[in-house]
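For the record, the sequence lines run as chains D and V. Quick note on my numbering: the first sequence kicks off at 1 and runs consecutively. Quick note on my numbering: the second sequence kicks off at 1 and runs consecutively.
Please note that a few of the clues may not be correct.
[Stated by the list, open to error] Each computed DSS-like pair below joins lysine-lysine, with the alpha-carbon atoms no more than 30 Å apart:
hint	chain 1	residue 1	chain 2	residue 2
1	V	K114	V	K278
2	D	K57	V	K278
3	V	K114	D	K256
4	V	K114	D	K217
5	D	K176	D	K315
6	V	K69	D	K178
7	D	K217	D	K256
8	D	K178	D	K217
9	V	K69	D	K176
10	D	K43	V	K114
11	D	K43	D	K178
Just so you know, these hints were derived from the structure itself, not from any lab. Note that the structure is a prediction, hence the values are computed from the model and not measured.
Residues per chain, in single letters:
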Amino acid sequence: MADPPAASSTAMPVDNAIANSLANGSPTPPSEAPLAIQVENLKKSFRIPTHRIDSLKERTVRMFSGREFRELQALDDVSFDIHQGEFFGIVGRNGSGKSTLLKLLASIYRADAGTIRMAGRLAPFIELGVGFNVELTARENVVLNGVMMGLTPSEAGDRLDAVLEFAELEEFVDLKLKNYSSGMLVRLAFATMLQADADVLLIDEVLAVGDASFQQKCADAFRRMKDEGKTIVLVTHEMATVEAYCHRAMLISDGKIQLLGDPEEIAEQYLRLNFEDGAASSGIDSKTSGDGVRLLDAWLEDEAGERTTSIEQAKPIHLQVEIEVARETADLSVGFILANAEGLGMFQFGTPIENEDGSSTVHPGQRVRIDTTLENPLAPGRYFIHAGVQRHGAGGEDVSLYTHNALDFLVFGTQSSRGVVSLAHEIKAVVSPPEEK
Amino acid sequence: MSSLEQAADLREVRGPSALGGGRRRFFDLLWLMGVTEFKRTYFGTVLGYLWSLVRPLMLFAVLLFVFTKIVRIGSDTPNYPVLLLLGIVLFSFFQEATQNSVTSVVAQEGIVRKTQFPRLVIPLATVLTAFFNLLLNLIVVFVFVLAWGVDPSWTWLLFPFSLGLIAVLTAAVSMMLSVLYVRFRDVAIIWTVLGQVLFYMTPVLYPLTVLENQTLQRLMLVNPLAPIFNEIQRWVINPDEPSSASIAGSAVYLIPAAVLFVAICAFGVWIFNRDAPKIAEEL
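Just chain D, same shape as in the assembly (with noise of 0.2 Å):
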């Protein structure tokens, strides 16, 4: 199951923050500049073996039995060429080949063909803070780093001052990080990182660090980044940043470049893509006939007509229910509830089942369908619908069926947010001029 899609729907927050500050600037693709990252045919395999050797006992005594592997084809014959000055975003589902391919960028796999060409100085953050030694101070792990990124001792030196200033950890420079708060940590890894002063900046997941003011703080290091004509790859899973920043974005599944180009189309072709797969688990999961009644099918229509299992955001949802009764029954009524992942009911919907000339008695071998408009203020997610069937006159056999999770489906779309829903809206801020006293 893909994850909740109601996790991809609530940003982090410098994320946001970063997005903001970035879109402000005209989003103009520099592809006149010169290459700063030339990929050509790259391909990486993996050999996973199917029983593990981890023993020099068990490969002498194995010595003569073949190996046996599987191969895992994570990057399959991918080019591509990002531009100097450029934010280009690389998205994909887990295990699409995008780690793998940021791995390779960054030197920490080799490739098994083709050929990776990079302009400058590359300054890779696969991860906040890695490569910190908890034993060690502040100060060493900061020359430590620097050194790493290719500076010389006496470069990461004179630029340690500006790391501590930025992480604003100025006192607090000789104490071993282990004594460090988890808060003061983040701060201090991200100032690192942006003192690094590389060319190409490789960025898996921008991080959601600090307090507000720091957030404030990273928002306006990385507009600066961009404005100095820095080259940005990043990695992430929040198609609300792709959107805001990157000049072009690539979607990678299954190891080969599914779309390259506008971050819009990229974010929506993600997003179809992912929940798809999500989506396609759905079907009746629990008891679908109950008392002289049964739910036949329940599914949703897009606006051609064709069946679906997810839904764009803001487009009406038809849902489609066909139901039959085991003997004549009348005076029946269908009810709906939707609910959201975490099992909130959100809204309830149901109506008396009628035939065309007024009369409510349903013949066994009739099929009952309800036909259903509803209209989508959902946030993008994964919603359940529940179905139940009873009468609601008096007289006669009962009747009844409760159908939980008659019907799964999803909503996705990129305008993200905190909340269920999102509700049209119009918003203005006035300021007022300053009262006097």
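Using the hints, position chain V against chain D.
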């Protein structure tokens, strides 16, 4: 923008390797990691450096007691106490460096999997840390040697050379062990046992002349550490004792040790270089 113009030429990224990323950066990193680790280990605690001295000195005291009062090998050997002390300090370096190297690459998993840098730095920094420790210990040893009444001689100038040989061998073994451990976790246990065996096979506790059987002496001299230790003992403390060549009967019998020395170094470099690009994937 000038920085952009400078950066305009594309260079191929070849992935991780033992040495990649420029010579200057390699040595900067090596030095920095060696020094910080040394400082951390020896100056991080209250008694700091004293602890690192206590260990070889305790071993020295125990062995001195055993070999002069009980086994009595020591009583027949001139300057036995200082000979023993020097041997212990030198062998401790070899053992400490190689033992710590075994797990060094795996212990640094975080940076290996997440950052780019020359992989070779890790085991070599471990060796460097141990080497700093050795240099400090040697000061104490030479104070003892002089206090014992050994006269300084010109052959002391050869000592740094033999020290260099030990350091090179230690580095090669460390490279080999650290990279093998990534794939084979029983390397740690095997090396603990082998290290013990080597300790008794190297003339630390006894001079080679104690063995009266020449075939046995020749066999002992296959161990590359044996002739090095024997020569150090001659050059520094007992200039009148026989050289390795004369113990074996002829310099020809030292060829296996020399070949083995070169072979170990070559193998260490080769296997580390071969496996370095893949370390991040194997972890």
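Each hint tested on the structure:
1. A distance of roughly 13 Å separates the Cα atoms of V:K114 and V:K278; the hinted pair therefore holds under the 30 Å criterion.
2. Among the hinted pairs, D:K57 with V:K278 is consistent with the structure: their alpha-carbon atoms are about 22 Å apart, no more than 30 Å.
3. For the suggested pair V:K114 and D:K256, the alpha carbons sit about 23 Å apart, so the restraint of at most 30 Å is met.
4. A threshold of 30 Å between alpha carbons decides the hint, and for V:K114 with D:K217 the separation of about 25 Å falls inside it, so the pair holds.
5. This hinted pair does not check out: D:K176 and D:K315 have alpha carbons roughly 54 Å apart, beyond 30 Å.
6. Among the hinted pairs, V:K69 with D:K178 is inconsistent with the structure: their alpha-carbon atoms are about 48 Å apart, more than 30 Å.
7. A hinted pair counts as satisfied when its Cα atoms are at most 30 Å apart, and D:K217 with D:K256 does not qualify at roughly 36 Å.
8. For the proposed pair D:K178 and D:K217, the alpha carbon gap of about 25 Å is at most 30 Å, so the pair holds.
9. A threshold of 30 Å between alpha carbons decides the hint, and for V:K69 with D:K176 the separation of about 47 Å lies outside it, so the pair is violated.
10. Restraint check for D:K43 and V:K114: the C-alpha separation of about 20 Å stays at or below 30 Å, so the hint holds.
11. Under the criterion of a C-alpha separation no larger than 30 Å, the hint pairing D:K43 with D:K178 is inconsistent with the structure, at around 40 Å.
Against the hints set out earlier in the document, violations occur for numbers 5, 6, 7, 9 and 11.
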